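One line per chain: the protein sequences are S and G, in this order.
Under UniProt numbering, think of the first position of the first sequence as 1, with each following residue one higher.
Under UniProt numbering, think of the first position of the second sequence as 1, with each following residue one higher.
Bear in mind the hints are in silico, worked out from the structure with no lab data behind them.
Warning: the hint list may mix true and false statements.
Said to hold, decoys possible - Restricting the straight-line Cα-Cα distance to at most 27 Å, the calculated cross-link-like pairs of lysine-lysine (DSSO-like) are: (1) G:Lys-332 x S:Lys-205; (2) S:Lys-205 x G:Lys-123; (3) S:Lys-212 x G:Lys-128; (4) G:Lys-128 x S:Lys-421; (5) G:Lys-128 x S:Lys-205; (6) G:Lys-80 x G:Lys-332; (7) G:Lys-191 x S:Lys-212; (8) S:Lys-247 x G:Lys-128; (9) S:Lys-277 x S:Lys-205; (10) S:Lys-162 x G:Lys-123; (11) S:Lys-368 x S:Lys-162; (12) S:Lys-247 x G:Lys-261; (13) G:Lys-333 x S:Lys-414; (14) S:Lys-107 x S:Lys-353; (15) S:Lys-127 x S:Lys-368; (16) S:Lys-162 x S:Lys-277; (17) S:Lys-373 x S:Lys-127; (18) S:Lys-368 x S:Lys-353; (19) S:Lys-414 x G:Lys-332; (20) S:Lys-247 x S:Lys-205; (21) S:Lys-354 x S:Lys-373; (22) S:Lys-372 x S:Lys-107; (23) S:Lys-372 x S:Lys-353; (24) S:Lys-276 x S:Lys-247; (25) S:Lys-247 x G:Lys-333; (26) S:Lys-162 x S:Lys-107; (27) G:Lys-302 x S:Lys-414; (28) G:Lys-332 x G:Lys-302; (29) S:Lys-276 x S:Lys-205; (30) S:Lys-421 x G:Lys-332; (31) G:Lys-332 x G:Lys-307; (32) S:Lys-353 x S:Lys-127; (33) S:Lys-277 x S:Lys-247; (34) S:Lys-414 x S:Lys-127; (35) G:Lys-261 x G:Lys-302; (36) S:Lys-212 x G:Lys-123; (37) S:Lys-127 x S:Lys-421; (38) S:Lys-373 x S:Lys-162.
In this text the structure is predicted, and so the values were computed from the model without any measurement.
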Amino acid sequence: MSAFAAVRIPSPTLVGARSAGEKPYAPFVSCPAAHGLHRTHLRSTRLGRPLLAVSSDVLSGQKSLGSNSSPSHHAVVSREEALVLYEDMLLGRVFEDMCAQMYYRGKMFGFVHLYNGQEAISTGFIKLLETRDSVVSTYRDHVHALSKGVPARAVMAELFGKATGCCRGQGGSMHMFSAPHNLLGGFAFIGEGIPVATGAAFSSKYRHEVLKESNPNGLDVTVAFFGDGTCNNGQFFECLNMAQLWKLPIVFVVENNLWAIGMSHLRATSDPEIWKKGPAFGMPGVHVDGMDVLKVREVAVEAIGRARSGEGPTLVECETYRFRGHSLADPDELRNPDEKAHYAARDPIITLKKYILENSLASETELKAIEKKIDELIEDAVEFADSSPPPPRSQLLENVFADPKGFGIGPDGKYRCEDPKFTEGTAQIGNSDSLENDGLEAVKPVQFHSKPWPPPLLLLLLLLLQVVCLLCEAGLVDLDLGLLFLILLPSPDEERGDPLRSRSGHGVLVARKVTEGEEEVLRASRADGEPGGFGFIGGGRSEGVRFCAFSSSRIR
Amino acid sequence: MAAALQTAALLSASPNLIDPQRYRVGLSARSLIGRRGSIFVVRSDGRTSGFFNAKSRSGNFITNAVATKADASTSSTASKPGHELLLFEALREGLEEEMDRDPHVCVMGEDVGHYGGSYKVTKGLATKYGDLRVLDTPIAENSFTGMGIGAAMTGLRPIVEGMNMGFLLLAFNQISNNCGMLHYTSGGQFKIPIVIRGPGGVGRQLGAEHSQRLESYFQSIPGLQMVACSTPYNAKGLMKAAIRSENPVVLFEHVLLYNLKERIPDEEYVLCLEEAEMVRPGEHVTILTYSRMRYHVMQAVKTLVNKGYDPEVIDIRSLKPFDLYTIGNSVKKTHRVLIVEECMRTGGIGSSLRAAIIDNFWDYLDAPIMCLSSQDVPTPYAGTLEEWTVVQPAQIVAAVEQLCQ
Numbered sequence: 001m002s003a004f005a006a007v008r009i010p011s012p013t014l015v016g017a018r019s020a021g022e023k024p025y026a027p028f029v030s031c032p033a034a035h036g037l038h039r040t041h042l043r044s045t046r047l048g049r050p051l052l053a054v055s056s057d058v059l060s061g062q063k064s065l066g067s068n069s070s071p072s073h074h075a076v077v078s079r080e081e082a083l084v085l086y087e088d089m090l091l092g093r094v095f096e097d098m099c100a101q102m103y104y105r106g107k108m109f110g111f112v113h114l115y116n117g118q119e120a121i122s123t124g125f126i127k128l129l130e131t132r133d134s135v136v137s138t139y140r141d142h143v144h145a146l147s148k149g150v151p152a153r154a155v156m157a158e159l160f161g162k163a164t165g166c167c168r169g170q171g172g173s174m175h176m177f178s179a180p181h182n183l184l185g186g187f188a189f190i191g192e193g194i195p196v197a198t199g200a201a202f203s204s205k206y207r208h209e210v211l212k213e214s215n216p217n218g219l220d221v222t223v224a225f226f227g228d229g230t231c232n233n234g235q236f237f238e239c240l241n242m243a244q245l246w247k248l249p250i251v252f253v254v255e256n257n258l259w260a261i262g263m264s265h266l267r268a269t270s271d272p273e274i275w276k277k278g279p280a281f282g283m284p285g286v287h288v289d290g291m292d293v294l295k296v297r298e299v300a301v302e303a304i305g306r307a308r309s310g311e312g313p314t315l316v317e318c319e320t321y322r323f324r325g326h327s328l329a330d331p332d333e334l335r336n337p338d339e340k341a342h343y344a345a346r347d348p349i350i351t352l353k354k355y356i357l358e359n360s361l362a363s364e365t366e367l368k369a370i371e372k373k374i375d376e377l378i379e380d381a382v383e384f385a386d387s388s389p390p391p392p393r394s395q396l397l398e399n400v401f402a403d404p405k406g407f408g409i410g411p412d413g414k415y416r417c418e419d420p421k422f423t424e425g426t427a428q429i430g431n432s433d434s435l436e437n438d439g440l441e442a443v444k445p446v447q448f449h450s451k452p453w454p455p456p457l458l459l460l461l462l463l464l465l466q467v468v469c470l471l472c473e474a475g476l477v478d479l480d481l482g483l484l485f486l487i488l489l490p491s492p493d494e495e496r497g498d499p500l501r502s503r504s505g506h507g508v509l510v511a512r513k514v515t516e517g518e519e520e521v522l523r524a525s526r527a528d529g530e531p532g533g534f535g536f537i538g539g540g541r542s543e544g545v546r547f548c549a550f551s552s553s554r555i556r
Numbered sequence: 001m002a003a004a005l006q007t008a009a010l011l012s013a014s015p016n017l018i019d020p021q022r023y024r025v026g027l028s029a030r031s032l033i034g035r036r037g038s039i040f041v042v043r044s045d046g047r048t049s050g051f052f053n054a055k056s057r058s059g060n061f062i063t064n065a066v067a068t069k070a071d072a073s074t075s076s077t078a079s080k081p082g083h084e085l086l087l088f089e090a091l092r093e094g095l096e097e098e099m100d101r102d103p104h105v106c107v108m109g110e111d112v113g114h115y116g117g118s119y120k121v122t123k124g125l126a127t128k129y130g131d132l133r134v135l136d137t138p139i140a141e142n143s144f145t146g147m148g149i150g151a152a153m154t155g156l157r158p159i160v161e162g163m164n165m166g167f168l169l170l171a172f173n174q175i176s177n178n179c180g181m182l183h184y185t186s187g188g189q190f191k192i193p194i195v196i197r198g199p200g201g202v203g204r205q206l207g208a209e210h211s212q213r214l215e216s217y218f219q220s221i222p223g224l225q226m227v228a229c230s231t232p233y234n235a236k237g238l239m240k241a242a243i244r245s246e247n248p249v250v251l252f253e254h255v256l257l258y259n260l261k262e263r264i265p266d267e268e269y270v271l272c273l274e275e276a277e278m279v280r281p282g283e284h285v286t287i288l289t290y291s292r293m294r295y296h297v298m299q300a301v302k303t304l305v306n307k308g309y310d311p312e313v314i315d316i317r318s319l320k321p322f323d324l325y326t327i328g329n330s331v332k333k334t335h336r337v338l339i340v341e342e343c344m345r346t347g348g349i350g351s352s353l354r355a356a357i358i359d360n361f362w363d364y365l366d367a368p369i370m371c372l373s374s375q376d377v378p379t380p381y382a383g384t385l386e387e388w389t390v391v392q393p394a395q396i397v398a399a400v401e402q403l404c405q
């Protein structure tokens, strides 16, 4: 069919694996026996056949617009399960739509990547996980967070940049983390999260084998989500290798939506069938229709079960599509409208709704009730986020180090973090420690070697000297001071236009005896007839320090 | 070369450094097994911080906190305290003690397991702890560093070894984005108690790419701590401190210092990550240095002392953050600063240190701060050219003379 010729892959060996008796293509079929861990029984209905390549409608060239394949190929879902899936996908969709609204209203900024159309993958996988299992995502992580159980309020507040967000407003759209839900991020660079997911899986294996902490249900599983563009990145391949090498309990889920911003998957990849790269590393590779939550779930049960029982990783390629652009800043001009229409007709939520109604798992009213509930939940989340406070200034430095001793030891010998006012400054810790204002001046005020005298005291002293000199003149006191008073004032702050007041307001009084040569000068510079007293000789500025020289001597 | 360095190391610890006022609380290794958190962190001026366990105050008091010359001991007893070992063995000892103490501590890197480490720092550990705790990774620095970070986030305390520090350039993505930032972007939810270590610096004609100094590249990464070890004593102490720290720490070792021999205490000790080390107190000039350059400085000091100068030498140890207290006290005393580093001139540790000193201690300076760094040149292979790339003792002597005019 394909209005978009790009996706037709003329591979003769790819056969639809619908019929039970057919030999599957995937070379790596059987899994070694579990290492002492019994298989989990997550679902009552398990497929007897081993994991193999499940062809999608597109790959096999069949056209099926909006119709589900025969129910016999779907694991039977119970009513409760179906409603859980429906609600979760709806939550993701309505949330993302609200995000778009809020973005255009100026409530959130930056790069926001929406998940519309891909909900089946998030719901299909994450709803099978337990809380102890970890999820690692990319920048398109809002719905992964919601599926894992992070409250919509926390996610929305994080997007608004409020202190009540799941990451205190410090992460934003691309860095959703939640320790209680084991959501390990949220990564802005593609491929960055895959090694972290591998590390979490390594931890799980380590806890079991080295620390001997075992769970009767099996290992903690890690599910790593990433896109088709990432599958050309080195970290992807390096981690496939390591995960299979050490049989780590991880599932690599490729959300192949065929586009990496404006780069078509087929223009970027030599062999576009990503699932084939699994067997190249020795692990099963599966391709599944990512627009059908039940098919995804069927594969997920198997893959998660393998990981949990210690059989190792699986690579699952989910063929999916994003209904919106790459991000809210993407004009989305490159994609063919026919392609978009094709996938819009396979909307996972509509598909599941149809399935539920066709199989009488729930009534229209019940589904409507769920829709209403989700709408209210999202409205509440927006209200909560709106009314939440933004992070205070003091929060800026709080989470830079887990152990704030890492900020180091200040010039006073104490750890900087011991100063309670420290977090109110900025992170320019190499420069200045004390900041009186907003941190715009990173330089400490100039200080002098000797003890500084405050201006009022200086003026008082000058006054006193004046009085003494007057007394000398009047003859009441016969005192040959012969002293040169040099008063050093810090350079006035020109910008503030205040000639007398410096930034620090400190001044220094230096007094020393007048030397012979200076006396000559002083005598010469005095106005005639003046017997003595207090006189201003001169002033000036040198090296940024203004000085005024006063002579107080009775020069005879 | 190693012999020269050893001699320099021994001479650097001259007897006048033993200050009876300084003490250290130590606890015997045996009593520590199974007892967590009973170690004091001792600051270089003798103050202790009872961060871990305030109750364990009764310990053995040792009078010397700095290694003494092995052949010029004042005591005539045959058995001296402590045991002698090489720097790489000290690192291994520290690593082993921490792995014994906490089963969450694990090592990962290329050839750390069966091969024992390219510089034998992890020799024997794989046999003792198993292949999972001392993990031989494939050659994928970015990914296994990221794996270490993911493991750290989920409860382990990994030590990632870069076979050569230069290889960690491949891991820069993970070190900068995840290691440094993740604690912050997650709003404090996840901590990354990882140690990234490896040998760096200019070696013996190793060529440009194996002679890199990454400390200048990493210093801007917020959330990261960097330390550089230079003696067996501080290597072991810093290794242990780094492993126990909740922050990500990059521990810089130097290829040419692995065979330094020193006598270190038998008792367990942990050094402070944020502190600098006073190598030689003095009056005329403050020389700030770290890692291998410490030995070039001490060699120059011999000449300077003969010429009548009295330099104060500080091994800054903590490259990020700087210990401005020790440095500041020294600047206030001597008023002259010379920085000797192996980093490149441009954007190196010296530049940052200069800026920090100018900002904080401007008034105490009587002369411009001098900084001797390596040439801004890819380290050449030829021995003569390589010698001219790094700072040599003669240049240090000339710089001090110029500074003290």
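Do the hints match the structure? See the list:
1. A hinted pair counts as satisfied when its Cα atoms are at most 27 Å apart, and Lys-332 of chain G with Lys-205 of chain S does not qualify at roughly 54 Å.
2. With a CA separation close to 24 Å, the supplied pair Lys-205 of chain S and Lys-123 of chain G stays within the 27 Å bound.
3. Annotation: proposed proximity of Lys-212 of chain S to Lys-128 of chain G holds, straight-line Cα distance about 17 Å (limit 27 Å).
4. Between Lys-128 of chain G and Lys-421 of chain S, the direct Cα distance comes to roughly 48 Å. Violation of the 27 Å bound is thereby established for this hinted pair.
5. Simply put, Lys-128 of chain G and Lys-205 of chain S have alpha-carbon atoms about 19 Å apart, close enough for the 27 Å limit, and the pair holds.
6. A C-alpha spacing of about 37 Å is found between Lys-80 of chain G and Lys-332 of chain G, which places the hinted pair above 27 Å, so the restraint is violated.
7. For the suggested pair Lys-191 of chain G and Lys-212 of chain S, the alpha carbons sit about 23 Å apart, so the restraint of at most 27 Å is met.
8. Between the alpha carbons of Lys-247 of chain S and Lys-128 of chain G the distance comes to roughly 22 Å, so the proposed pair stays at or under 27 Å and holds.
9. Between Lys-277 of chain S and Lys-205 of chain S, the direct Cα distance comes to roughly 24 Å. Compliance with the 27 Å bound is thereby established for this hinted pair.
10. Between the alpha carbons of Lys-162 of chain S and Lys-123 of chain G the distance comes to roughly 50 Å, so the proposed pair goes past 27 Å and is violated.
11. This hinted pair does not check out: Lys-368 of chain S and Lys-162 of chain S have alpha carbons roughly 32 Å apart, beyond 27 Å.
12. With a C-alpha separation of about 42 Å, the suggested pair Lys-247 of chain S and Lys-261 of chain G falls outside the 27 Å cut-off, and the hint is violated.
13. Straight-line distance between C-alpha atoms of Lys-333 of chain G and Lys-414 of chain S comes to about 19 Å, which keeps the hinted pair within the 27 Å bound.
14. This hinted pair does not check out: Lys-107 of chain S and Lys-353 of chain S have alpha carbons roughly 32 Å apart, beyond 27 Å.
15. Distance restraint check for Lys-127 of chain S and Lys-368 of chain S: the Cα-Cα separation of roughly 21 Å lies within the 27 Å cut-off, and the hinted pair is therefore satisfied.
16. Of the supplied pair hints, the one linking Lys-162 of chain S and Lys-277 of chain S is violated, its CA atoms being roughly 42 Å apart against a limit of 27 Å.
17. Between the alpha carbons of Lys-373 of chain S and Lys-127 of chain S the distance comes to roughly 19 Å, so the proposed pair stays at or under 27 Å and holds.
18. Note on Lys-368 of chain S and Lys-353 of chain S: the hinted pairing holds, with a Cα-Cα distance of about 11 Å set against a maximum of 27 Å.
19. For the hint pairing Lys-414 of chain S with Lys-332 of chain G, the CA-to-CA distance comes to about 17 Å; that is within 27 Å, so the pair holds.
20. Among the hinted pairs, Lys-247 of chain S with Lys-205 of chain S is consistent with the structure: their alpha-carbon atoms are about 9 Å apart, no more than 27 Å.
21. For a cut-off of 27 Å, the pair hint linking Lys-354 of chain S to Lys-373 of chain S stands: about 20 Å separates their Cα positions.
22. Simply put, Lys-372 of chain S and Lys-107 of chain S have alpha-carbon atoms about 24 Å apart, close enough for the 27 Å limit, and the pair holds.
23. For the hint linking Lys-372 of chain S to Lys-353 of chain S, the alpha-carbon distance of about 15 Å falls within 27 Å, and the restraint holds.
24. Taking the CA atoms of Lys-276 of chain S and Lys-247 of chain S, the gap is near 18 Å; set against the 27 Å cutoff, the hint holds.
25. Only pairs whose Cα atoms come within 27 Å are accepted, and Lys-247 of chain S paired with Lys-333 of chain G is rejected, the gap being roughly 60 Å.
26. With a CA separation close to 11 Å, the supplied pair Lys-162 of chain S and Lys-107 of chain S stays within the 27 Å bound.
27. As the CA atoms of Lys-302 of chain G and Lys-414 of chain S are separated by approximately 34 Å, the hinted pair breaks the 27 Å bound.
28. The straight-line distance between the Cα atoms of Lys-332 of chain G and Lys-302 of chain G is roughly 24 Å, inside the 27 Å bound, and the hint therefore holds.
29. Taking the CA atoms of Lys-276 of chain S and Lys-205 of chain S, the gap is about 26 Å. The hint holds against a cut of 27 Å.
30. With a C-alpha separation of about 26 Å, the suggested pairing of Lys-421 of chain S with Lys-332 of chain G holds against the 27 Å cut-off.
31. Note on Lys-332 of chain G and Lys-307 of chain G: the hinted pairing holds, with a Cα-Cα distance of about 23 Å set against a maximum of 27 Å.
32. The straight-line distance between the Cα atoms of Lys-353 of chain S and Lys-127 of chain S is roughly 17 Å, inside the 27 Å bound, and the hint therefore holds.
33. For the hint linking Lys-277 of chain S to Lys-247 of chain S, the alpha-carbon distance of about 16 Å falls within 27 Å, and the restraint holds.
34. Of the pairs offered as hints, the one joining Lys-414 of chain S and Lys-127 of chain S is violated, with about 50 Å between alpha carbons and a cut-off of 27 Å exceeded.
35. Between Lys-261 of chain G and Lys-302 of chain G, the direct Cα distance comes to roughly 20 Å. Compliance with the 27 Å bound is thereby established for this hinted pair.
36. Proximity of Lys-212 of chain S to Lys-123 of chain G is assessed by CA-CA distance (about 25 Å); at most 27 Å being required, the pair is judged to hold.
37. Under the criterion of a C-alpha separation no larger than 27 Å, the hint pairing Lys-127 of chain S with Lys-421 of chain S is inconsistent with the structure, at around 45 Å.
38. Taking the CA atoms of Lys-373 of chain S and Lys-162 of chain S, the gap is about 25 Å. The hint holds against a cut of 27 Å.
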